[in-house]
Amino acid sequence: MPSRALKILLPTVTGVLFVLAWYAIHYSMAEEMRFLLPTPGDIILALRDNAESFAQAARNTATGALLGFGCAVVISAGFALTLSLSPLVRISLYPYLMMLQMIPIIIFAPILVLWVGPGIKSVVIITFLICFFPLVVNTTQGLISTDRNLLELFRMYRASRLQEIFRLRVPAALPYFFTGLRIAATVAPIGALVGETFAGSSAGDGGGLGFQAIIYSSQAKYPALFATAAVTCVLGFVFAAVVLTLSWLTLHQWHDSYERTDT
Amino acid sequence: MAATPSVELLDVTKRYGDGPVVLHRVSIAAQPGDFVSLIGPSGCGKSTLLRLIAGLSPLSDGHIAVGGQTPEQAAADLAFVFQEPTLLPWLTVQKNVGLPQKLRGVAPTQRRATCRRVLELVRLGDRGDAYPRQLSGGQKMRVSIARALSLSPKILLLDEPFGALDEMTREHLNEELLAIRQQEAWTAFFVTHSVAEAVFLSNRILVMAANPGRIHTEVAVPFAYPRTEATRLSREYRDLVAEVSRILRSVESAVA
Numbered sequence: 001m002p003s004r005a006l007k008i009l010l011p012t013v014t015g016v017l018f019v020l021a022w023y024a025i026h027y028s029m030a031e032e033m034r035f036l037l038p039t040p041g042d043i044i045l046a047l048r049d050n051a052e053s054f055a056q057a058a059r060n061t062a063t064g065a066l067l068g069f070g071c072a073v074v075i076s077a078g079f080a081l082t083l084s085l086s087p088l089v090r091i092s093l094y095p096y097l098m099m100l101q102m103i104p105i106i107i108f109a110p111i112l113v114l115w116v117g118p119g120i121k122s123v124v125i126i127t128f129l130i131c132f133f134p135l136v137v138n139t140t141q142g143l144i145s146t147d148r149n150l151l152e153l154f155r156m157y158r159a160s161r162l163q164e165i166f167r168l169r170v171p172a173a174l175p176y177f178f179t180g181l182r183i184a185a186t187v188a189p190i191g192a193l194v195g196e197t198f199a200g201s202s203a204g205d206g207g208g209l210g211f212q213a214i215i216y217s218s219q220a221k222y223p224a225l226f227a228t229a230a231v232t233c234v235l236g237f238v239f240a241a242v243v244l245t246l247s248w249l250t251l252h253q254w255h256d257s258y259e260r261t262d263t
Numbered sequence: 001m002a003a004t005p006s007v008e009l010l011d012v013t014k015r016y017g018d019g020p021v022v023l024h025r026v027s028i029a030a031q032p033g034d035f036v037s038l039i040g041p042s043g044c045g046k047s048t049l050l051r052l053i054a055g056l057s058p059l060s061d062g063h064i065a066v067g068g069q070t071p072e073q074a075a076a077d078l079a080f081v082f083q084e085p086t087l088l089p090w091l092t093v094q095k096n097v098g099l100p101q102k103l104r105g106v107a108p109t110q111r112r113a114t115c116r117r118v119l120e121l122v123r124l125g126d127r128g129d130a131y132p133r134q135l136s137g138g139q140k141m142r143v144s145i146a147r148a149l150s151l152s153p154k155i156l157l158l159d160e161p162f163g164a165l166d167e168m169t170r171e172h173l174n175e176e177l178l179a180i181r182q183q184e185a186w187t188a189f190f191v192t193h194s195v196a197e198a199v200f201l202s203n204r205i206l207v208m209a210a211n212p213g214r215i216h217t218e219v220a221v222p223f224a225y226p227r228t229e230a231t232r233l234s235r236e237y238r239d240l241v242a243e244v245s246r247i248l249r250s251v252e253s254a255v256a
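Sequences listed follow chains H and X, in order. 204 is the number that my numbering gives to position 204 of the first sequence; each next residue is one higher, with no gaps. 50 is the number that my numbering gives to position 50 of the second sequence; each next residue is one higher, with no gaps.
Treat the hints as calculated values from the structure; they're not laboratory data. Wrong hints could be hidden among the right ones.
[Said to hold, decoys possible] Only pairs whose alpha carbons sit at most 20 Å apart, straight line, appear in this in silico SDA-like list of lysine to any residue:
hint, chain 1, residue 1, chain 2, residue 2
1, X, 154, X, 104
2, X, 95, H, 172
3, X, 95, H, 147
4, X, 95, H, 165
5, X, 95, H, 249
6, X, 95, H, 71
7, X, 95, H, 168
8, X, 102, H, 167
9, X, 95, H, 174
10, X, 95, H, 158
11, X, 102, H, 249
12, X, 95, H, 13
13, X, 95, H, 21
14, X, 95, H, 149
15, X, 95, H, 167
16, X, 154, H, 155
17, X, 102, H, 171
18, X, 95, H, 6
19, X, 95, H, 221
20, X, 95, H, 12
21, X, 102, H, 17
22, X, 95, H, 94
23, X, 95, H, 166
24, X, 95, H, 51
25, X, 102, H, 163
26, X, 95, X, 109
27, X, 95, H, 170
28, X, 102, H, 169
Please work from the sequences and hints to get the whole structure.
Next comes the structure, spelled out in structure tokens:
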């Protein structure tokens, strides 16, 4: 088992080597081609020079991602509960759920913009569509995978249907739910970004990171474009970190995925 | 006047759908306080018999009376200890033990008092706040037994509860089970594969045969309670274990 110091040291070393390699590649390129790979320094400068607009864009994207993600969590929970109640309901609805997932966002986004107009509404709907499927599938799987012995136990004690659902099926499904939540949280910012590239607009709040990327790309501002990617990464990390923390808080005391293994 | 049998089975027959007959005309009359062990080759329907008494599965034919009622009506008097500990991993030991009471709507103060009492009975009074995964196999089984005792059942149904444990732990738990029974007079039906365990625990052993499942022989165990480690060392005990093993082998070879 690597020590704690090593766990911090090793990724730091990797990071430093990565940045050095980046500079090496940059300066080994022909001078007139170097604009294709701005150095980390250039990117940080671009970030600093446009700090205001980056902060605003990140806020907008985060809002869209959070709203879409939040709606997906709430609606998918209710939907999964409905699906778990009967195999007949599952059989009836599953193909259409699959279809929802198969909708190509690239084609659907322009249609959506026609329907509800560009802006945050479209972004939220696209994020929702991307987050919904992994949440529903995982949560439903969790709700119907309850240990048979435990179900028998509840029957033995003559538990009501509601007691069985809320005292047994729902808590037993939590690890599955969090698996879906982790997937959804990592795709939510990307979903919002994709949504913004189609449906973002500069109207009012100046648009999100996706919209900004299109602008910087068309203006050939490559350091700023790279900076947009970096900000998106950070946003994704924050989303993932929050969900991982929630998952840890809920599960670490009893679920085997958090067992301390000293090997 | 004879005491009312606390559990009476009359010509109990069970088959699943059109499948083979699992149990054929089984009749048992258990007196209050009996400790009845069911032993027999796999497929003789001993676990099925337990589930029928518990009301977990319907009879195909015959009649079961628990204190004069059907198993469904007598649900409050029955408790079942499964082969696995079947604890809810997200609840602490204390809350696992309190679960049956919670499902019945028992008030929290009374619930806590009962939990303390039954956890003391199984000598886990200090582990109430632990989660199941922090316990050993034997401790988990003790929690499972405490949970079964939490509703003060009159009849305890145990389906090979110690089958997965090592010999030492099993012997300890056997002694503990009998010690608890000195304090709480329930009638027990105990399914097991271990002849030694059956002889040590019960006052009646029903040796069952398979195809179809039926009662082959009843063996009375005359040793007085309380039984201890000394009982296991006695000559009479070992003779009876040998005798029951011989009957069991004859039943098994008849099948093979």
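Right, here's what the structure says about each hint:
1. Note on residue 154 of chain X and residue 104 of chain X: the hinted pairing holds, with a Cα-Cα distance of about 17 Å set against a maximum of 20 Å.
2. Proximity of residue 95 of chain X to residue 172 of chain H is assessed by CA-CA distance (about 15 Å); at most 20 Å being required, the pair is judged to hold.
3. Of the supplied pair hints, the one linking residue 95 of chain X and residue 147 of chain H holds, its CA atoms being roughly 18 Å apart against a limit of 20 Å.
4. Between residue 95 of chain X and residue 165 of chain H, the direct Cα distance comes to roughly 17 Å. Compliance with the 20 Å bound is thereby established for this hinted pair.
5. Proposed proximity of residue 95 of chain X and residue 249 of chain H is supported: the alpha carbons are some 19 Å apart, at most 20 Å.
6. Restraint check for residue 95 of chain X and residue 71 of chain H: not satisfied, since their Cα atoms lie roughly 33 Å apart, outside the 20 Å limit.
7. Restraint check for residue 95 of chain X and residue 168 of chain H: satisfied, since their Cα atoms lie roughly 13 Å apart, inside the 20 Å limit.
8. For the hint linking residue 102 of chain X to residue 167 of chain H, the alpha-carbon distance of about 10 Å falls within 20 Å, and the restraint holds.
9. Among the hinted pairs, residue 95 of chain X with residue 174 of chain H is consistent with the structure: their alpha-carbon atoms are about 18 Å apart, no more than 20 Å.
10. Taken as a hint, the residue 95 of chain X and residue 158 of chain H pair is honoured in the structure, with Cα atoms around 18 Å apart against an allowance of 20 Å.
11. The hinted pair formed by residue 102 of chain X and residue 249 of chain H fails the criterion: a straight-line CA distance of about 25 Å is larger than 20 Å.
12. A threshold of 20 Å between alpha carbons decides the hint, and for residue 95 of chain X with residue 13 of chain H the separation of about 47 Å lies outside it, so the pair is violated.
13. Straight-line distance between C-alpha atoms of residue 95 of chain X and residue 21 of chain H comes to about 56 Å, which puts the hinted pair past the 20 Å bound.
14. Straight-line distance between C-alpha atoms of residue 95 of chain X and residue 149 of chain H comes to about 18 Å, which keeps the hinted pair within the 20 Å bound.
15. Taking the CA atoms of residue 95 of chain X and residue 167 of chain H, the gap is about 12 Å. The hint holds against a cut of 20 Å.
16. For the hint pairing residue 154 of chain X with residue 155 of chain H, the CA-to-CA distance comes to about 19 Å; that is within 20 Å, so the pair holds.
17. About 16 Å separates the Cα atoms of residue 102 of chain X and residue 171 of chain H, which keeps this hinted pair within 20 Å; it holds.
18. Annotation: proposed proximity of residue 95 of chain X to residue 6 of chain H is violated, straight-line Cα distance about 40 Å (limit 20 Å).
19. A threshold of 20 Å between alpha carbons decides the hint, and for residue 95 of chain X with residue 221 of chain H the separation of about 61 Å lies outside it, so the pair is violated.
20. With a CA separation close to 45 Å, the supplied pair residue 95 of chain X and residue 12 of chain H exceeds the 20 Å bound.
21. Among the hinted pairs, residue 102 of chain X with residue 17 of chain H is inconsistent with the structure: their alpha-carbon atoms are about 59 Å apart, more than 20 Å.
22. Proposed proximity of residue 95 of chain X and residue 94 of chain H is contradicted: the alpha carbons are some 37 Å apart, above 20 Å.
23. Between residue 95 of chain X and residue 166 of chain H, the direct Cα distance comes to roughly 15 Å. Compliance with the 20 Å bound is thereby established for this hinted pair.
24. Pair hint residue 95 of chain X plus residue 51 of chain H does not hold up; C-alpha atoms about 52 Å apart against a cutoff of 20 Å.
25. With a C-alpha separation of about 10 Å, the suggested pair residue 102 of chain X and residue 163 of chain H falls inside the 20 Å cut-off, and the hint holds.
26. Between residue 95 of chain X and residue 109 of chain X the alpha-carbon distance is near 13 Å, which keeps this suggested pair within the 20 Å criterion.
27. Taking the CA atoms of residue 95 of chain X and residue 170 of chain H, the gap is about 17 Å. The hint holds against a cut of 20 Å.
28. A distance of roughly 16 Å separates the Cα atoms of residue 102 of chain X and residue 169 of chain H; the hinted pair therefore holds under the 20 Å criterion.
Checked against the numbered hints above, the structure breaks hints 6, 11, 12, 13, 18, 19, 20, 21, 22 and 24 and satisfies the rest.
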